[in-house]
Every structure is written in structure tokens, then in C-alpha cells.
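Number of protein chains: 2
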Amino acid sequence: MSTKRKAVLVVMDGLGDRPTPELGGMTPLQAANTPVMDILAKEGQNGLMNVIGPGITPGSDAAHLALFGYDPYTNYPGRGPLEVLGSGLETKPGDIAFRSNFASVDKDMIVTDRRAGRVFTPEEQAALQSVIDGIEIDGVQVRFLATVEHRGALVLRGEGLYANISDVDPHETGKKILECKPLSPESKRTAAIVNKLMIEANRRMRDLPLNKERARHGIPPANAILLRGPGRHDEITTLKEKYGIKSVVIAGGALYIGAAKYVGMEHALVEGQTGTIDTNFHNIALKTIECIESDYDYIFVHIKATDNASHDGNVKEKILAIERTDKMLGEILESTRDKIVLVVTGDHTTPVTIGEHACDPVPIVLWSSQMRSDCVERYSEFDAAQGALHTIRGMDVMPLLLGYAGHIEKLGA
Amino acid sequence: MSTKRKAVLVVMDGLGDRPTPELGGMTPLQAANTPVMDILAKEGQNGLMNVIGPGITPGSDAAHLALFGYDPYTNYPGRGPLEVLGSGLETKPGDIAFRSNFASVDKDMIVTDRRAGRVFTPEEQAALQSVIDGIEIDGVQVRFLATVEHRGALVLRGEGLYANISDVDPHETGKKILECKPLSPESKRTAAIVNKLMIEANRRMRDLPLNKERARHGIPPANAILLRGPGRHDEITTLKEKYGIKSVVIAGGALYIGAAKYVGMEHALVEGQTGTIDTNFHNIALKTIECIESDYDYIFVHIKATDNASHDGNVKEKILAIERTDKMLGEILESTRDKIVLVVTGDHTTPVTIGEHACDPVPIVLWSSQMRSDCVERYSEFDAAQGALHTIRGMDVMPLLLGYAGHIEKLGA
Numbered sequence: 001m002s003t004k005r006k007a008v009l010v011v012m013d014g015l016g017d018r019p020t021p022e023l024g025g026m027t028p029l030q031a032a033n034t035p036v037m038d039i040l041a042k043e044g045q046n047g048l049m050n051v052i053g054p055g056i057t058p059g060s061d062a063a064h065l066a067l068f069g070y071d072p073y074t075n076y077p078g079r080g081p082l083e084v085l086g087s088g089l090e091t092k093p094g095d096i097a098f099r100s101n102f103a104s105v106d107k108d109m110i111v112t113d114r115r116a117g118r119v120f121t122p123e124e125q126a127a128l129q130s131v132i133d134g135i136e137i138d139g140v141q142v143r144f145l146a147t148v149e150h151r152g153a154l155v156l157r158g159e160g161l162y163a164n165i166s167d168v169d170p171h172e173t174g175k176k177i178l179e180c181k182p183l184s185p186e187s188k189r190t191a192a193i194v195n196k197l198m199i200e201a202n203r204r205m206r207d208l209p210l211n212k213e214r215a216r217h218g219i220p221p222a223n224a225i226l227l228r229g230p231g232r233h234d235e236i237t238t239l240k241e242k243y244g245i246k247s248v249v250i251a252g253g254a255l256y257i258g259a260a261k262y263v264g265m266e267h268a269l270v271e272g273q274t275g276t277i278d279t280n281f282h283n284i285a286l287k288t289i290e291c292i293e294s295d296y297d298y299i300f301v302h303i304k305a306t307d308n309a310s311h312d313g314n315v316k317e318k319i320l321a322i323e324r325t326d327k328m329l330g331e332i333l334e335s336t337r338d339k340i341v342l343v344v345t346g347d348h349t350t351p352v353t354i355g356e357h358a359c360d361p362v363p364i365v366l367w368s369s370q371m372r373s374d375c376v377e378r379y380s381e382f383d384a385a386q387g388a389l390h391t392i393r394g395m396d397v398m399p400l401l402l403g404y405a406g407h408i409e410k411l412g413a
Numbered sequence: 001m002s003t004k005r006k007a008v009l010v011v012m013d014g015l016g017d018r019p020t021p022e023l024g025g026m027t028p029l030q031a032a033n034t035p036v037m038d039i040l041a042k043e044g045q046n047g048l049m050n051v052i053g054p055g056i057t058p059g060s061d062a063a064h065l066a067l068f069g070y071d072p073y074t075n076y077p078g079r080g081p082l083e084v085l086g087s088g089l090e091t092k093p094g095d096i097a098f099r100s101n102f103a104s105v106d107k108d109m110i111v112t113d114r115r116a117g118r119v120f121t122p123e124e125q126a127a128l129q130s131v132i133d134g135i136e137i138d139g140v141q142v143r144f145l146a147t148v149e150h151r152g153a154l155v156l157r158g159e160g161l162y163a164n165i166s167d168v169d170p171h172e173t174g175k176k177i178l179e180c181k182p183l184s185p186e187s188k189r190t191a192a193i194v195n196k197l198m199i200e201a202n203r204r205m206r207d208l209p210l211n212k213e214r215a216r217h218g219i220p221p222a223n224a225i226l227l228r229g230p231g232r233h234d235e236i237t238t239l240k241e242k243y244g245i246k247s248v249v250i251a252g253g254a255l256y257i258g259a260a261k262y263v264g265m266e267h268a269l270v271e272g273q274t275g276t277i278d279t280n281f282h283n284i285a286l287k288t289i290e291c292i293e294s295d296y297d298y299i300f301v302h303i304k305a306t307d308n309a310s311h312d313g314n315v316k317e318k319i320l321a322i323e324r325t326d327k328m329l330g331e332i333l334e335s336t337r338d339k340i341v342l343v344v345t346g347d348h349t350t351p352v353t354i355g356e357h358a359c360d361p362v363p364i365v366l367w368s369s370q371m372r373s374d375c376v377e378r379y380s381e382f383d384a385a386q387g388a389l390h391t392i393r394g395m396d397v398m399p400l401l402l403g404y405a406g407h408i409e410k411l412g413a
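Quick mapping for you: the protein sequence lines, in order, are chains A and B.
Quick note on my numbering: the first sequence kicks off at 1 and runs consecutively.
Quick note on my numbering: the second sequence kicks off at 1 and runs consecutively.
Incorrect hints may appear among the rest.
In this list, chains with the same sequence are indistinguishable; a pair is considered to hold if it fits within one copy or across any two.
[Unchecked claim] Cross-link-like lysine to any residue pairs, in silico, SDA-like; alpha carbons within 20 Å at most:
1) K42 with D383
2) K410 with P122
3) K410 with N50
4) K42 with A388
In case anyone wonders, no lab produced these hints; they're calculated from the structure.
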């Protein structure tokens with residue numbers, strides 16, 4: 001493998017689909033006008049992919065870990081830590097991460113509003129963040145980031161913390177914040193710290209001036225935090241450690257940014273990138289090209305709009321999301337054609353006809369300007385079945401990409 | 001996966017074949033008239049399956065464990081325990097199961113007839129069973145069931161029993177019953193119990209009135225048991241524990257019923273179901289439909305006739321068995337079409353030209369009324385090679401069936 005190329009993975013979330021009556025039995029991908037993907041299919045190698053395994057319906061987060069080359073059965077830390085990491089609150093191995101709500105409680109810690117009225121000014125968020133972030137309990141440091149509305153991310157950092165603990169959120173109003181209990185002996189200390197944190201956060205929040213101000217406007221006070229979805233940032237071998245590569249994620253959704261950062265990617269911010277059909281595809285293309293031209297070896301680009309449309313059962317929007325991604329790929333290829341190895345695929349199937357993830361494999365195309373092609377002429381679930389990649393698994397994608405891009409050393413002499 | 005379906009696995013034993021001169025180079029499956037299977041192939045996804053692994057010739061019992069999702073290299077207890085379980089003698093984890101013969105010995109325990117003349121009335125079987133069943137030796141309980149002719153099933157139940165012991169059957173007349181020896185240190189106690197059992201069974205059997213009666217008719221006495229094929233019912237995670245499903249087997253042969261019960265299936269008895277070409281296909285269809293309509297989630301249907309014909313080198317009968325199965329599938333589909341996910345396959349290849357199991361993969365079709373199809377138009381070993389499933393393993397069948405039927409939880413969020 002003489003010259004190295006940049007490895008580019010483009011994932012359209014929930015891309016895979018089933019025959020759709022509204023489209024005369026075609027899938028949205030078949031119905032979409034995709035001249036660029038069709039050229040990739042014609043010039044590259046195609047296949048079907050069971051992202052986790054045959055018959056296994058992938059969640060998006062576990063699916064992405066597989067696409068990054070990590071076994072989701074042993075490396076999946078739960079959605080919480082990935083969302084937290086994606087929200088901008090950094091974690092490191094050993095940390096326990098939670099998603100968090102600002103909530104309202106009475107003086108007996110009985111929950112009166114699980115979202116504290118939902119309305120928060122940036123100033124209120126900053127004030128609340130400043131009293132929670134930095135709390136220390138029994139040598140464990142609390143990190144906190146207010147994110148959107150009543151939502152936030154919280155991290156416990158210290159020795160000997162484990163995430164196998166029960167929930168504190170009673171999940172309904174009129175009930176007291178629950179005692180956090182260890183669900184395994186090793187988690188005893190973590191549960192005790194969470195219980196102390198509930199009280200300490202309430203102590204620091206309840207008398208803040210902002211709560212008097214909220215009361216004057218009839219808005220419930222933010223005087224407690226509710227934590228959910230605890231997970232541990234486990235020891236994980238980063239992509240840098242595994243392959244010696246510098247990698248970057250270009251994504252709008254916190255979950256995908258978080259999954260990518262979890263395996264060691266940097267995050268490249270794109271102006272106007274969102275998780276919807278209105279994301280700025282042109283800016284994503286420009287940023288992708290910029291990353292390819294810079295010193296990144298691996299660039300992961302995530303498009304969420306396909307999955308949103310699928311969950312909404314919106315056939316037209318799914319087709320539109322695919323067609324816009326196709327145009328974006330054209331922009332990227334125009335200036336980087338001979339510098340990259342490209343994979344275009346999905347992380348799971350979400351048939352618009354059922355609006356939920358399903359176990360059906362997804363199409364995948366592996367392309368570079370200097371590789372063998374196969375007999376496939378169009379990019380679709382049906383055509384891909386005839387391709388030279390046959391059926392692969394999600395965990396095969398990273399070695400394939402990096403292998404063809406010259407980033408994996410020969411084994412043996 | 002919003003609506004759940006019933007998962008149905010139909011196995012034609014020894015289905016796979018090779019080009020057959022008698023059929024102008026076609027396989028029996030190619031030569032058979034199979035309109036229903038052809039529709040399944042056209043509407044579903046096809047592939048080839050290495051039931052255990054590439055190049056590995058499967059035994060029927062190990063093959064079925066793989067088809068049920070169990071690794072036969074770690075979960076196969078030997079043929080004995082599966083036959084015993086299939087014969088109707090229940091076993092549980094920790095039990096040691098043997099197949100057994102009634103035999104004739106002289107007063108020095110020298111074998112004079114390994115099958116004690118083969119002829120047994122139901123009354124004789126009952127009398128012999130009643131003296132062996134219930135023996136207790138050093139805290140170990142003996143369970144015994146007389147089955148067909150001189151044959152029976154025997155189970156040792158107690159603490160610390162292991163199956164790694166030598167044979168007691170000298171396999172020829174004129175030789176003394178062999179001393180059972182432990183083949184590993186942990187089996188020492190089991191071997192000692194078997195040796196005591198040989199003597200105790202002889203003591204209880206030799207003076208039975210039925211042996212005086214047999215002597216009067218010149219029939220050899222049934223005054224000993226010969227045990228063979230010991231195996232341990234190991235701890236195994238049942239299908240219920242693995243997937244939360246209720247499962248059932250519809251089969252004529254003890255080995256298949258036993259393998260299915262070993263992983264936790266119930267057995268649905270069908271009037272007229274045998275292991276031959278004369279099995280009642282119509283009744284099998286009716287019972288399958290009944291199970292689909294009841295609360296079973298997974299229904300396994302086994303057709304043995306294809307394998308018998310293959311072992312006999314009987315091309316016409318193999319074709320007939322396939323065609324009768326095809327008709328049976330039509331009956332099942334007629335009333336359950338939109339309620340099931342269906343797999344039709346074989347457990348191994350038995351070419352009629354060689355009459356023995358071979359390592360060639362078998363064709364498989366995965367069908368439901370709402371899935372992507374592929375380019376295959378006919379159900380055969382040759383056509384299946386073009387299908388979207390490509391090459392899978394036996395252990396992939398259960399996740400595929402249950403995944404498409406909505407019985408496996410999503411991994412991740």
C-alpha cells in the first residue's frame with residue numbers, strides 16, 4: 001500500500017428500507033434520484049451489511065460503535081455517557097455520566113414538576129450550572145453542563161465509581177425523589193454519593209435569587225436535579241491507539257458526536273449542521289473537504305435527516321434527504337476524488353412503513369478511484385445484494401476503509 | 001418492530017444434494033415440482049448455509065442445535081442424551097443419560113445375546129422397566145424407560161455425575177460385560193455407580209417369571225442391561241431464557257424431539273407423524289397451523305423422509321418427500337400467510353449418489369409477506385447461491401427468524 005488516502009465514512013441514519021406501497025414497491029433509496037451514489041456503486045464494491053449481526057436490530061449508538069470497529073456487545077456504555085460526551089461535557093475513563101433535568105421539589109423533596117416549567121433563560125442556566133458544577137462529595141468531583149431548556153449533563157469523577165445503580169427519578173409528580181440504591185456490591189459508594197448529591201444540589205439551588213424571580217412570574221422553581229441513564233466511561237482503546245490515525249466527526253446530533261468522541265475522534269463544528277432535513281449540506285461538504293485536506297486520516301460524516309423522515313413515515317422527506325446527501329457527496333468528490341477511500345452506508349434500517357428500527361441489513365458501497373469494481377450499477381438495497389462485498393458486518397467497515405486507505409500495517413512479512 | 005409474528009422453521013433432513021446422473025445432472029430438489037417453495041424463493045431472501053461451518057459435515061443432532069442458535073462445539077451433549085430425552089424420559093441438567101439394550105448373560109456375566117432375542121411383549125417391557133426404574137445406588141437414582149423391542153433409555157440422577165466413562169458393552173457375544181472405567185478423574189464416582197448398577201440390574205432381572213416363560217419358548221432371557229453413548233445434560237440457557245419465547249417441536253424422530261426439548265421446546269404430538277415417507281403431512285400442516293394460532297412464538301417442524309431416501313440412494317422417494325413437503329407448506333401458508341416469518345431449509349447435505357452426510361452447504365429461504373426479496377426465482381441449491389443472504393451459518397438462523405418476527409430486542413438506543 002504505497003500512498004495513503006483519507007478514509008471517509010458517510011452514514012445516512014436509518015437509510016435501509018423495505019418495499020413501500022406508496023412507491024410502487026420500491027424503497028425510498030430506489031426511488032430517489034442519486035446520480036453520484038450510482039456512480040460510486042458502479043465504480044466501487046457493493047454489499048449488504050448486518051451492522052451488529054444477522055437478525056439484530058441496531059440502536060443508532062451501538063450501530064455506530066460497530067461502524068467504528070468496536071464490538072457493541074462489549075464496548076457499549078449506554079446512551080447516557082455518549083449523549084453527555086456529545087453535549088460538550090468531556091468525560092474520561094472511570095467517569096460516571098448521567099443525563100439530567102432541572103426539576104421542582106417541595107421541602108420534603110417531593111417532585112412537583114419534573115422539568116421545572118421547562119423554560120430557562122441562558123442566565124438562569126449559567127447560574128444553575130455554576131452552583132452544581134464543582135460540587136465535591138467524599139473526594140468525588142461533580143461536573144455539570146446545562147444544555148437545552150431544563151436538560152443538562154452531569155459527570156461524577158473519582159476513584160472506584162460504577163454505574164450499576166437505581167434511578168432517583170420517580171417519573172411522576174407527587175412522589176419523593178427516590179433513594180439511589182446499588183445494584184451490585186461495587187456500586188455501593190456511587191449510590192451513596194448520588195444520594196448526598198441530591199441533597200447538596202437542592203441545598204445550593206433552592207435559595208438562588210433566580211427561583212424568587214421565577215416564583216414572581218409563576219414559573220416553578222429549579223431547586224433539584226433528576227439524573228437518569230447512568231453509564232460508565234470504560235477503558236477503551238482509541239482509534240489513535242488502535243490504528244495511529246487522527247480522526248474527526250462531522251455530525252449534528254449529540255449522540256453521534258458522543259459515540260465518535262468516545263472512541264477518540266475530534267469534533268469539527270459545522271455552521272448550520274442540525275439533525276433535520278434543514279441541515280446545511282453545503283457547509284457539511286465544505287467542512288468534509290477541509291478535513292480531508294488537513295491532517296485528519298479518517299473523517300466520519302453523519303446525516304440524521306433520513307432517520308427522522310423514516311420515523312415520521314415521511315416518504316418524500318426521506319427521498320429528499322437521500323437526494324441532498326447525494327448532491328453533497330458530489331461536492332465532496334469533485335475536489336477530493338483521488339485523495340479518499342469512501343464508504344457510503346446506513347447504520348440501520350428504518351422502514352417508513354413501520355417507523356421503527358428493523359433488523360434488515362443496509363446497503364453499503366466501498367469506493368476509491370483505484371479499486372476493483374463489481375457488477376452493481378445502482379446504489380440500492382436490492383442491487384447491493386449482487387455486489388462483491390456480499391454480506392459483511394458493521395465491524396468490518398473500519399478495517400476495510402483503513403485497509404484500502406493504507407492505514408493498516410501488513411500482518412507478517 | 002411493532003407487530004410480532006410467529007417464527008416457523010421447517011427442516012427437511014438431508015435436503016441438500018449434488019448433481020445426480022439419474023436426473024441428468026440436476027439435484028433432487030431441482031428435479032422436484034415445488035410451486036410453493038418457488039414462490040417463497042421469489043418473494044423471500046435466499047442463500048446457502050454451512051450449518052456448522054465451511055467444510056464441516058454436520059450430524060443431524062449437532063446441526064439442529066446450531067439451527068436452534070446453539071454452538072454445537074460447546075453445547076452438544078452427545079447423541080445419547082438427546083435420544084433419551086426424545087424417547088420420553090425427561091432429563092434435567094446434571095443427569096447422565098444412556099441408551100440401553102436388554103441383553104442375555106450367563107452366571108459369570110458373559111454376554112450370550114446382546115439383544116436378548118430382540119422380541120419383547122409390552123408386558124415384558126413393563127415388568128423389566130419396573131424393576132430397573134427406581135434403583136438407587138449410593139444416593140444416585142436410576143430412571144429407566146423401555147422403548148422399542150430390546151431398546152430403552154436410562155438416566156442417572158444425583159450430585160457430581162460426569163459422562164466421561166468407558167463402555168460396558170463388549171460389542172460381541174462370549175465376552176464378559178466390561179468394567180466401566182473413569183476416563184477423567186471427575187468421572188470416578190459415575191463409573192463406580194455404573195458397575196454396581198450392572199450387578200444390581202442383573203440381580204433384579206435374572207429371576208423374573210418372564211425369563212422362565214422366555215426359556216420355555218426358547219427365547220434368550222433378559223437378565224442384563226447394556227448401556228452405551230453416555231452423555232451429560234449440561235446447564236444450558238433455554239430458548240425461553242435467551243429470547244423469552246414459547247417454542248414447540250413437531251417431529252417424528254426421537255433425536256429431533258430430544259434436541260428440541262434439550263433447548264427448552266415443548267413437543268406437540270401429531271397423529272400419524274413418523275420418520276418415513278408415509279408420515280402424515282396433512283396432519284403435520286394442521287398441527288403447525290394450530291401451534292401458530294396458539295401462544296407459541298416459535299414452531300420447529302422436522303421432516304425426516306428426505307434423509308431416509310438419501311441414505312437409501314432412492315432418488316424418486318427423495319423427490320416425492322420434497323414434493324409432499326411443498327404441498328404441506330402450501331397448506332400452512334394458506335391460512336397463516338400474514339402471521340409468520342418462515343425459514344425452509346435442510347440440516348445437512350446427503351447426496352443420494354453417496355448415501356452419506358456431506359459437507360456441502362444447504363439452500364435456505366427466509367420469507368415473510370413484508371420483507372425485501374432478491375433476484376432468486378426458484379428454490380434450489382444452485383439458485384440459492386445468487387440470493388441476498390449469501391452464505392450464512394446454522395447459528396444465524398434463529399436470530400434471523402426471531403429478528404424479523406420481532407422477538408429480539410434492539411441493541412442500544
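- request: Tell me, please, which holds for K410 and N50 at an alpha-carbon limit of 20 Å: within, between, both or neither?
  value: between (26 Å within a copy, 13 Å between copies)
message: I want to check one pair: K42 and A388. Are their C-alpha atoms no more than 20 Å apart within a copy, between two copies, both, or neither?
response: Answer is both: 11 Å inside a copy and 18 Å across each meet the 20 Å cutoff.
- prompt: How would you label the pair K410, P122 (within, between, both, or neither) given a Cα cut-off of 20 Å?
  reply: Neither. Shortest intra-copy (53 Å) and inter-copy (37 Å) distances fail the 20 Å Cα cut-off.
- prompt: Between the shortest in-copy and the shortest cross-copy C-alpha distance, which are at most 20 Å for K42 and D383: within, between, both, or neither?
  reply: both (10 Å within a copy, 16 Å between copies)
Hint 2 from the list above is the single one not met by this structure.
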